[in-house]
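As they're listed, the protein sequences go chains U and S. Using numbering that gives the first Met the number 0, the first residue of the first sequence is number 0, and each one after it goes up by one. Using numbering that gives the first Met the number 0, the first residue of the second sequence is number 0, and each one after it goes up by one.
Just to be clear, a hint being listed does not mean it is correct.
List time: in silico DSSO-like cross-link candidates among lysine-lysine, alpha-carbon distance up to 30 Å [said to hold, decoys possible]: (1) U:Lys90 <-> S:Lys90; (2) U:Lys90 <-> U:Lys24; (3) S:Lys24 <-> S:Lys90; (4) U:Lys119 <-> S:Lys119; (5) S:Lys90 <-> U:Lys24; (6) U:Lys90 <-> S:Lys24.
Hints in this document: simulated from the structure, not taken from any laboratory.
Protein chains: 2
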Amino acid sequence: MSDIVLHSYFRSSTSYRARIALALKGLAYRQVTHHLRFGKHREADYLAVNPQGLVPALLWRDGTVITQSLAIIEFLDETVPEPPLLPADPKARARVRMLAQMIACDIHPVNNLRILNALKDRFGADDAAVADWFRTWVAETFAPMERLLADSSETGTFCHGDTVGLADICLVAQVANNARFAVDMAPYPTIRRIHAACMQIPAFVDAAPANQPDAE
Amino acid sequence: MSDIVLHSYFRSSTSYRARIALALKGLAYRQVTHHLRFGKHREADYLAVNPQGLVPALLWRDGTVITQSLAIIEFLDETVPEPPLLPADPKARARVRMLAQMIACDIHPVNNLRILNALKDRFGADDAAVADWFRTWVAETFAPMERLLADSSETGTFCHGDTVGLADICLVAQVANNARFAVDMAPYPTIRRIHAACMQIPAFVDAAPANQPDAE
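Okay, chain U solo, but in the shape it has when bound (with noise of 0.2 Å):
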């Protein structure tokens, strides 16, 4: 059995949940750091890991490499099942599964470098364009966000119940992000208090960018 590998970036907030998932599994992983700003992600030995060229990328133990953030954890979560990041009913995981998708379809996919870029590249856009940007799409997703989290029952000291899982992760990994962005987080509370109980996890707070190798 060779080690965990984990091919990662400290600021990639899709990176910050796969290290959150694999601390909170308890497992000792290697990470192999790519500077995406310097585009190390798009270099000939990466680009034969994952040719998608970007981070996260998990090499596991027998050399299966799984990338996309949301299949690594639910990998990890099938492989290695305790503690669960997922409940066991399914009506609970399509609704831990559908708040971890508004993160990760809905805000991270538009809001990443290379849309970013892209905005800048293509349409001329500044540094206010880009943050007003990045910003919108956490509005809109953030919004009804914390109102189904405020609004239900089943919500509880995280995301679903007591237990912290794949949808905390998510939202953990998206607050980190807004941080950069100056994003207004006063409308929010449900989802600032479940930020604030997650931090007082290990898990959460070694996984965080500011505590990784690649750190500036």
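Following the hints, position chain S against chain U.
Below, chain S alone, put in the same frame as chain U:
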């Protein structure tokens, strides 16, 4: 038990995904359609169903609302196990989810209607610039996806072996969307072959945008 209801829009590729899954599972359902171009999905009665104001949303028999197309499909797969839309082995499941999420996280979100409209409204993008934007993100993901599919012995008639599943659902909905922006499919022979194989299956044809009650 009430009817299963799918809130949808004929041209929405995420609605198309949900319709294919419902059809593959042999589930009868009623569609409530929302005309996205006229903002019908942002009206109060629909926001009471889905505060995010997006389609699709599944109303299950007991009244549970599930949004996010991949959460809907995994819920259907866990609730109505036959025919399975994901393989049994965790590594195989990870491969299928990875392929599905390459489309669901890296292509669709950056190319959907609200983003294309924002490019026009905020940056004055004309039709040619919008079409080029759309094609860029398809190519960024379809090129490595073609390579992953063509190079793997796990690829069969469909994305994973000879059983149709979650990745094929996302692939077909994306290929349908591509046609609206005249994406050149010549560089993707494996994707084209899998698409053609899927379109031999009635569930994929019946769920297609052109065959919906709200098709124009």
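Against the structure, the hints come out as follows:
1. U:Lys90 <-> S:Lys90: It holds: about 24 Å lies between the C-alpha atoms, which stays within 30 Å.
2. U:Lys90 <-> U:Lys24: Measuring from Cα to Cα gives roughly 23 Å; hence the hint holds.
3. S:Lys24 <-> S:Lys90: Answer holds: Lys24 of chain S to Lys90 of chain S is near 23 Å, not above 30 Å.
4. U:Lys119 <-> S:Lys119: This hinted pair holds, its Cα atoms lying about 15 Å apart.
5. S:Lys90 <-> U:Lys24: Status holds; Cα separation ~17 Å.
6. U:Lys90 <-> S:Lys24: holds (17 Å)
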